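Chains as they are written, first to last, in the numbering used here: chain X, -17 to 394; chain C, -17 to 394; chain A, -17 to 394; chain S, -17 to 394.
Among these hints, one or two may not hold up.
Put simply, identical chains are the same to the list, so a pair is met inside one copy or across any two.
[Claimed, not checked] Pairs of lysine to any residue, SDA-like flavour, derived with a Cα cap of 25 Å:
| # | residue 1 | residue 2 |
| --- | --- | --- |
| 1 | Lys200 | Ser186 |
| 2 | Lys210 | Asp320 |
| 3 | Lys88 | Ser392 |
| 4 | Lys146 | Leu(-5) |
| 5 | Lys241 | Met190 |
Simulated from the structure, these hints should not be mistaken for lab results.
Since this is a predicted model, take the numbers as computed values, not measurements.
Next come the chains, spelled out residue by residue.
There are 4 protein chains.
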Amino acid sequence: MKGKVVLAYSGGLDTSVILHWLLEERGYEVVAYTADLGQREDLEALREKAIGIGASKVYIEDLREEFVRDFIFPAIRANAVYEGRYLLGTSLARPLTAKKQIEIAKKEGAVAVAHGATGKGNDQVRFELTYHALSPGIKIIAPWKDEEFLSEFQGRKDLIEYAKAKGIPVRATKEEPWSSDPNLMHISFEAGELEDIARRPRESMFEMTVSSKDAPDKETEIEIEFLKGDPVRVRNVTDDTVKEEPLSLFEYLNEIGGKNGIGRVDIVENRFVGIKSRGVYETPAGTILHIAHRDLEGITMDREVMHLRDSLIPKFSELIYYGLWYSPEMEVLRALFDKSQEHVTGSVRLALYKGNVIVIGRQSPESLYDQGLASMDIAGGYDPKDAAGFIKINALRLISNTLRLRKDVSKS
Amino acid sequence: MKGKVVLAYSGGLDTSVILHWLLEERGYEVVAYTADLGQREDLEALREKAIGIGASKVYIEDLREEFVRDFIFPAIRANAVYEGRYLLGTSLARPLTAKKQIEIAKKEGAVAVAHGATGKGNDQVRFELTYHALSPGIKIIAPWKDEEFLSEFQGRKDLIEYAKAKGIPVRATKEEPWSSDPNLMHISFEAGELEDIARRPRESMFEMTVSSKDAPDKETEIEIEFLKGDPVRVRNVTDDTVKEEPLSLFEYLNEIGGKNGIGRVDIVENRFVGIKSRGVYETPAGTILHIAHRDLEGITMDREVMHLRDSLIPKFSELIYYGLWYSPEMEVLRALFDKSQEHVTGSVRLALYKGNVIVIGRQSPESLYDQGLASMDIAGGYDPKDAAGFIKINALRLISNTLRLRKDVSKS
Amino acid sequence: MKGKVVLAYSGGLDTSVILHWLLEERGYEVVAYTADLGQREDLEALREKAIGIGASKVYIEDLREEFVRDFIFPAIRANAVYEGRYLLGTSLARPLTAKKQIEIAKKEGAVAVAHGATGKGNDQVRFELTYHALSPGIKIIAPWKDEEFLSEFQGRKDLIEYAKAKGIPVRATKEEPWSSDPNLMHISFEAGELEDIARRPRESMFEMTVSSKDAPDKETEIEIEFLKGDPVRVRNVTDDTVKEEPLSLFEYLNEIGGKNGIGRVDIVENRFVGIKSRGVYETPAGTILHIAHRDLEGITMDREVMHLRDSLIPKFSELIYYGLWYSPEMEVLRALFDKSQEHVTGSVRLALYKGNVIVIGRQSPESLYDQGLASMDIAGGYDPKDAAGFIKINALRLISNTLRLRKDVSKS
Amino acid sequence: MKGKVVLAYSGGLDTSVILHWLLEERGYEVVAYTADLGQREDLEALREKAIGIGASKVYIEDLREEFVRDFIFPAIRANAVYEGRYLLGTSLARPLTAKKQIEIAKKEGAVAVAHGATGKGNDQVRFELTYHALSPGIKIIAPWKDEEFLSEFQGRKDLIEYAKAKGIPVRATKEEPWSSDPNLMHISFEAGELEDIARRPRESMFEMTVSSKDAPDKETEIEIEFLKGDPVRVRNVTDDTVKEEPLSLFEYLNEIGGKNGIGRVDIVENRFVGIKSRGVYETPAGTILHIAHRDLEGITMDREVMHLRDSLIPKFSELIYYGLWYSPEMEVLRALFDKSQEHVTGSVRLALYKGNVIVIGRQSPESLYDQGLASMDIAGGYDPKDAAGFIKINALRLISNTLRLRKDVSKS
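The shape of chain X in the complex, shown without the other chains (with noise of 0.2 Å):
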């Protein structure tokens, strides 16, 4: 035995494959290890086909309210959007299921930490630059990288074979022509036919949420709370359901956003590897909670705090995309963030109908908006005739700036 290795497991074909040829092929001990972010999947057959395949133990861990509370909500704070429409739901799972599988190698004395995400992905890269930044110098064994591996392993129907050779047992379902990956924010689809990217995904593959065509024809209204760029209650106008914790409340979010048809995203992204991908996803909550935020931020954020902070989204953005998630930068970048939402306090209400997310009202106990300018009175009002001299002030530069071309055009 060369020791420990704590195997991030998903249960699929290749992180079984995976775990047996490290037991048999590389000599470890393999510590199985899988996250519950809200995957719904039956985590106890998990458990036992892992032990079944050869595993010395299996840590199955939920961490779906941290996933909420720590990585979601922080994403939701900050208007995170990458390429202006992916929501970021698996980059954002990956730094926390790497950080745990982290925690575990440390407690069972591991001496190397394995993933079976892609050579080609960005997945790899977020599990890696967590190991290495959570865990200097920690032995990484990336299979999908690894020589011997892929020389052994060159496609599904290797995996499948060895599976069968070695006893592992393989999911009688029909294999669906694109791989999926699911957790509490979204599902994401990619591969297979939706590398044709002129082709519509066909309906029957999406999970979370139904058709527009399918949602209802009235709509749900519902108001959402938010504390300091947090949301902290939601409340369905309708039937008066109210949900308050942070877990609660986003699953509620999944379950009437995804009636309502909201959240569905068809893309082609840049990976960080350097390759274009078509990746489509379904985020019900995080599509509700990003507009309700934008919009409660319209009354209660300063506009130059807001322009300021919008040139970063993208930066902050790439910083989870990449992976980056722990790391000086994202530490900085976050001061700043978290500084904008001090005041990112009050609710707004939006009705959910066939797909769209109508902001419908807002209100806030720290309100910039003015009706009528009443505050402005108290600082002596607003004075239209200072909006002259506001004007002029700002057209001197233009003014000397047409004067110069002028100068030139005269002298040519």
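Chain X is fixed; fit chains C, A and S onto it per the hints.
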């Protein structure tokens, strides 16, 4: 007579009174000028009204084509969106209106230009910065910032009385409890009952779009072709309608977008003059093009170009919103934005459905998306093992940082 | 009496006349207030002068320590520099002066504050934005923007005549052909003969620094120690002088910097009010600290933190220059900047020599610099072969881009 | 024979051994290529040495003019400076060297290109990213990342032994305890005793500049004329020497800059490969031009253009440093930077004195500086009273913010 003044004339109560006031109380000859930006008014009636009040001449300029081609399309190319949501329909119109007004003033040998925008809004800034930039030193008459005018007219009531006294026709129609401003790109609503930001706009207010509830139960499928970032062709896949000119293409998208309930936004935004204001907008064509354009960039734009450009969208949009269309900083920024569009050529298929704009496919002769990474093979292929080095090198900083943190901890 | 006004009083001709004018022509009781920011004037004489003119009370506040600790040091921590060259000595002083003035106004129950800054400069903006931010609604009297005052006083001659007529003492000293404004951080010169931007300032103008030509022929060697970005200790290596308190440390650096001809800058800068202006500055201590601090960051700051932060220095500096020290955007930006300084601890050795500040060594307990990459070994070492993968993956985008360009060419 | 490889050949020990190794151990025909970038070596001796070792052909390309015009000047136009201090002399040279190497490879029908840069540095990245960008799929041989080569040559000693064994001439000169790399723009020093970052470089190390202590006791006064950001004329005011061509002008500035001790920098910088490294540089001409160019921008560049551009200098410089000269993001960024230079025309007078570059005057036909605000008068003049409105409107946000904070306090 003090000379001529060119007045931006809308035909409404305010500018009608201003026309008369300039004439009678200020002693100017008044040239009325109306920009046709697609606001769908009876422009001939407006001409007669201006003459009736006393205008010595009336210019009605059809700027629709120029508006679409030189103002709306550059904004679409830039993905311009103010504070994350507003597509800038009014902001884009003002500099064009003002530019033409200055041209008329020069042609007419006018001594001044005048407008009827209020002293609390953005439009005064947009008008006047453009005047200053294009005609340094020109006299600007802005009655709503003029002490005498303000003391004479303290509200709508005073205007109506003045109009009646002077024989200026006042529209019989009941005044709506909001003000609106339509052009080709959008219609904006503000003030009146909309000042209550907790209140949802009445359905009857909307003009360009139907409610999603009243939209067809069937998707409208279209294909939009872009050339270097500009839309050059729209095809309705169902009925094979094709539009290729900027204006007709844009009007057609407004039509089918409106029918499908697309492009409503309700926000509280930050004015350049430092106050927050609630605006409701309908922007059907702009919304469709915005979404389609972003999607096409997904397959045609380099990642680093996109991320850099994305960080500058807030600035670009701010410049438009603030009325700095004609400014040196816009010039340099447009150089970058336009350069970024050189390869944004291709087409996007969309389904319009009850407020949703759903991307259902895209293709491009300039695509950087590589199904199966085929052209990577030309360049020696994508080797997953390279990713190992990539990740390790990227992790070095993180490792150093963590080792330092540990050292700090061990010392404390 | 209309009540009290607190006047920022410098003792010079302008504010002496203003003091009298407020008293006699406006009917206020005037409380004179002078901030001691290290301008090295006879403050007792100033007090007597104010009383002599008619001030009911005089506040002379020693703000030197606070100025260094809470204004200069944060700017040093941020590497703040306006338009690449100006270290912001005046810009940093104004918000502090104005803040204390507001405190006095509150204590005195004053109805207004007044200052003598001109209507074309930056200082009026810095004073007044601070007044507004710290005391919304307070009445501000700015005679140099007051119509009556301006019509009464069209130039220096009018001020002198008024002073003579009213028995206000006028300094016998010949007026210099420029105006200057000293404080602990720097002395600034502008106007008068300096308005000729092609003309070199006279050597006799400078006050804080000798000419490099007159500086010692021997280097002065010092060591500066920083803690979390703030200088906490300066040691003269030659004579072992040690200074550890913010104020004494800063004054000492001014002294030895000045002796070595350090910190002169001559620039044309852009004022917030839209005009260009020429300024000449002497900032000995600020220059030394700026250089030393940057150097220490070189060994203690993560690369990505630095690059991100560097992109925000222009904004940070602009906020200071524009008078937005007390603003919500400064708050959020400072959160990021301060976070970035957590590890900027260590010391830098410098040689001062005839205008040059030469870094000759640095060390830090928080260093990320790794001689021989020793700690890399802990983390598995630096493997040059990793660099191959790193480069290849980074090149993928470039390869795709070039292949596309070729395709474009082959089609044309 | 496996075909031809074009080797970037410096004539030094490393590339001489590599040349032989490629030939003997790898079986290539080797075409040696040396870029003349002004490094002042005996290039004919180098040619003979390459032939002697076995090169089938030697290209010695005089790239000096192109280096100055198309690489150094664009960096000067952009005020490019990495991490606040490094003027990028090496970073600018690599893409040019690599570009020409690719051209030769194409001309020669070579199957590969090779370089001798180490596996820990930036230069490997700059070479290889350029190779990939300009010739996708080309085979790259980088011995210092090659497993076999690395195991054969573990240090300098192995190289010397190999050289001796193979009859490769080894320079008799004592090896210096640092490595250096000179070109027209600068000489860089690193490694060896410089790795001790607390240690000051020996005076004897410097090559392009004298110590300030040994520089003349009299100022050298020069005038530099720029056209659209590029220097087009240098005049020594004292002796009336005039230089107008890019290369001769630049060499002349190196000469007089060097004599006056200008352009030394000693920093710890962040490499692209994630490690910190100490570099010492002498950049006389670059330093002078950098300072003069910045100054001229002060009078010719609009404020908002400058502030926007300044925020992008770190990115622009990073791209150069990282070897991304030939990249799509550099293309779009250069569009902005070049646009910003359209009016940067005029001249700057400088005094060079013992390490100092002192701006002593400037003038421009494109000046926006307005002595006495004369052209403002054309535009209606600068009215101080406008500033009142300007400030008040700018303060509105701050007032709102403060009123909110008070409300918060009063509630708590």
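Which of the numbered hints are not met once you compare them with the structure shown? Those not satisfied: there are none.
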